[in-house]
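Chain A is fixed; fit chain B onto it per the hints.
From first to last, the protein sequence lines stand for chains A and B.
Quick note: the first sequence uses this note's numbering, first residue 1, plus one each step.
Quick note: the second sequence uses this note's numbering, first residue 1001, plus one each step.
FYI, nobody ran anything at the bench for these hints, they're computed from the structure.
Worth double-checking, as some hints may not be accurate.
[As the list claims (entries may be wrong)] Straight-line C-alpha distance at most 25 Å; calculated BS3-like pairs for lysine-lysine:
| id | chain 1 | residue 1 | chain 2 | residue 2 |
| --- | --- | --- | --- | --- |
| 1 | A | K329 | A | K63 |
| 2 | A | K181 | A | K158 |
| 3 | B | K1072 | A | K424 |
| 4 | B | K1086 | A | K424 |
| 5 | B | K1072 | A | K225 |
| 6 | A | K424 | A | K218 |
[Unchecked claim] Between beta-carbon pairs, the in silico distance windows are:
| id | chain 1 | residue 1 | chain 2 | residue 2 | range |
| --- | --- | --- | --- | --- | --- |
| 7 | A | D77 | B | T1029 | 47 to 53 Å |
| 8 | A | D77 | B | F1221 | 55 to 61 Å |
| 9 | A | R186 | B | F1221 | 58 to 64 Å |
| 10 | A | D121 | B | A1172 | 56 to 62 Å |
| 11 | A | K182 | B | P1100 | 49 to 55 Å |
| 12 | A | T47 | B | H1080 | 38 to 44 Å |
Each residue gets a CB set at the ideal place from its N, CA and C atoms; glycine is no exception.
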Amino acid sequence: MLRRLLVLTSAAVFVAAACTPGTNASDEIAPAGQEAEGTVEFWHFFTDREGDAIDQAIAGFEKAHPKIHVNVTAGQDDAKMLQAISSGKGPDVGLSYSTDIVGKFCSSGAWRDLSPYLERDQVDLDQFPETVRSYTSYHNRRCAMPFLADVYGLYYNKTLLQQAGFSGPPTTMTQLADMAKKLTKRSADGTIEVAGFLPLLNFYEHTPQHTAPMWDAKWLTKDEKSAIGSDPNWPAMLKWHKDLVDWYGYDKLQEFTAGLGDEWSADNAFQQGKLAMAIDGEYRTAFVENQTPDLDFGTAPVPVADNQTDRYGAGFVTGNIMGISANAKNPEASWELVRYLTTETNVIVDLSNSIRNVPTTTDALNSPGLRTDERFKTFLEIFANPNTSTTPPNASGPKYVEMAQEFCNSYLSGASTDLTGGLKDLDGRIDEALDLGR
Amino acid sequence: MTAVLDRPSTVDLPPARRRVSRRWRHRLTVLSFMAPAGIGTIVFFLYPLLAAIYFSFTRFDLLTTPRWVGLKNYVYLFAHDPVAHKAAWNTLWFVLILVPARMIAALLTAMLLTSLKRGGGFFRTVFYLPALAPPVAATIAFVFLFNPATGPVNGVLSWFGIDGPLWFDSPAWAKPSLVLLGTWAVGDLMVIFLAALLDVPKPLYEAASLDGANAWQRFRFVTLPSLSPVLLFAAVTGVIQTLQYFTQAAVAASVASGSATTGGGISSTFGYPEESTLTYPLHLYVQGFRYYDMGYANALAVVLFVVAFAVTLVLLRRFRAFAGGRP
Chain A
1 MLRRLLVLTS AAVFVAAACT PGTNASDEIA PAGQEAEGTV EFWHFFTDRE
51 GDAIDQAIAG FEKAHPKIHV NVTAGQDDAK MLQAISSGKG PDVGLSYSTD
101 IVGKFCSSGA WRDLSPYLER DQVDLDQFPE TVRSYTSYHN RRCAMPFLAD
151 VYGLYYNKTL LQQAGFSGPP TTMTQLADMA KKLTKRSADG TIEVAGFLPL
201 LNFYEHTPQH TAPMWDAKWL TKDEKSAIGS DPNWPAMLKW HKDLVDWYGY
251 DKLQEFTAGL GDEWSADNAF QQGKLAMAID GEYRTAFVEN QTPDLDFGTA
301 PVPVADNQTD RYGAGFVTGN IMGISANAKN PEASWELVRY LTTETNVIVD
351 LSNSIRNVPT TTDALNSPGL RTDERFKTFL EIFANPNTST TPPNASGPKY
401 VEMAQEFCNS YLSGASTDLT GGLKDLDGRI DEALDLGR
Chain B
1001 MTAVLDRPST VDLPPARRRV SRRWRHRLTV LSFMAPAGIG TIVFFLYPLL
1051 AAIYFSFTRF DLLTTPRWVG LKNYVYLFAH DPVAHKAAWN TLWFVLILVP
1101 ARMIAALLTA MLLTSLKRGG GFFRTVFYLP ALAPPVAATI AFVFLFNPAT
1151 GPVNGVLSWF GIDGPLWFDS PAWAKPSLVL LGTWAVGDLM VIFLAALLDV
1201 PKPLYEAASL DGANAWQRFR FVTLPSLSPV LLFAAVTGVI QTLQYFTQAA
1251 VAASVASGSA TTGGGISSTF GYPEESTLTY PLHLYVQGFR YYDMGYANAL
1301 AVVLFVVAFA VTLVLLRRFR AFAGGRP
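The shape of chain A in the complex, shown without the other chains (with noise of 0.2 Å):
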């Protein structure tokens, strides 16, 4: 009975260990010269009006380049293209909304190393700024491109601020409390009627990942180990948001909240004045422009510390980025169609008008093409701010920032009261969970 169980057994370990999927793509291509032709599978995250977006780009790559078909399939995620990519039926070109997959796409190979192609064709990577340079390569393997930037910035009401007695935007952390506690309406019982700034780090756009730049505060070492604990900008932030937090009340803040309407539709507190101060991407913009037009808004760089003010001016970015399975079909084709969503100035002018994110070349941002107002000049400027940074790519992906992200809700919460304790806590928990995924 045990010989015939120990039989079966390793059968199904033979079986299982046969039937893995893995990606054994080849790095060679093409001499230089020839004209890629054929189909190439695209798939994007984009719907609805930047779905439409891309789908004019595509048709505008398929004008320049007649051999070849571009078969567009929308709404795709990253868990989907890495599935169906492990199975060996991904698509040939991806687009990604999130630098979150670069460690692990890269590491393991799901997306092929682009240098060969970037040698061959000339590419120049200096047009990319160096923070975009940094997540969209891992271990000096560049397995993707960058295709537009997202930005972050402060977004005011200008009526709510007047209204205040306030005329322009806080520069300091210190300013950003005091004016968000003076913006802030309640009502007869407490109840928040208006917030002034929303100091919850797990609303909208509010997180630690956004908000750690203007405090400086590190992520991981250079080893990729967990910088959280030992960097005392960490429990600098962290204090600022919790005094605010305490401020207003826990309770009534998740309360209000709660009654807040969706981020992305035109109840948006901020866009309904219900917020008078958010932190939000430069896309906010364009939602403003389409849902509340009337709305009378302001953008500024994030407020930094107050032992920080020369850095004013930076922030966090982040961006959406393209790469080619490892399995592709066909990848000069798809390489061809890489190269043209990522580095032709028009084609990247066209997609920041209608998408209004950011352009990632140095050749898009001064194009005199690009449709750019006030507003929309703050996240250019932020972009090209050298201080301006993101977190840092990991094969682990997002993995660190959201333990991080827990422990700041426990700690603003109230439930977790120790807080250098607990960033020290932190600091092991992550480095043992970001072990699993290497």
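Just chain B now, kept in the frame of chain A:
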């Protein structure tokens, strides 16, 4: 055709060989009837189970070849992953509270319906209807109803001077809110209990009454033992379902946190608020399909399987004793 003609007839065989041949034919017939179920079990249960056990000893991310790491995933699970422990506690909480709550609610509703003289059919339908609501839609509706700022539940409570809780937005109330949702949709259990209650022989109640048994004693010594097979079924399936509790917790967290529509992919808000609704299967799902730590996710799955199997065995052994039957 030749093969058929050449086949040796069993009639010509000696009696011993004829018996063996007949036995083999009988076995083949049985096996052929069992084959569809057997193949299904092997392909969809045995193979995935053994594969999961194998992957649980590896580092595996769906993309690269699994790397054998021995017991590291299990060591991490038991010694270094407090979120898994919290998720296990949340799941245990649901098993201990949600399963009995649903059974009691279903039993009380069924008993109420059996005592109705008129309108039984109508109320049976009314109480069963919530079970027909899709879980996702029902959860979204509940989160909106219990919204502390705009929901009608707290509005009604305020008429009576009660300051309603934050429900799905409070770490202390999020799980009880899900229990309320679970007890609202007990129509499936209620129908089974109702059928079982109607099956209890009336003479038993009459005899008990003649012996002087009061209502509680009739329930404890007549109704409960008669219902024991059905209660056992409800407990076992309830525990197994609750160990896999996923959809309602995921939807409630995403909707209550206000992040149900952000980006694409797997929500990063599972467990909101403060991991109070993070169940064990949700943690497993996030590890596997958000962080792509498939080896670790398989270790979590294997532990869940062992626990579900053990709990089912214990329930099968103990429940009859409780319900008045043989242990």
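Verification of the hints:
| no. | hint | verdict |
| --- | --- | --- |
| 1 | K329(A) with K63(A) | holds (22 Å) |
| 2 | K181(A) with K158(A) | holds (16 Å) |
| 3 | K1072(B) with K424(A) | holds (23 Å) |
| 4 | K1086(B) with K424(A) | holds (19 Å) |
| 5 | K1072(B) with K225(A) | holds (19 Å) |
| 6 | K424(A) with K218(A) | holds (14 Å) |
| 7 | D77(A) with T1029(B): 47 to 53 Å | holds (50 Å) |
| 8 | D77(A) with F1221(B): 55 to 61 Å | holds (57 Å) |
| 9 | R186(A) with F1221(B): 58 to 64 Å | holds (60 Å) |
| 10 | D121(A) with A1172(B): 56 to 62 Å | holds (59 Å) |
| 11 | K182(A) with P1100(B): 49 to 55 Å | holds (51 Å) |
| 12 | T47(A) with H1080(B): 38 to 44 Å | holds (39 Å) |
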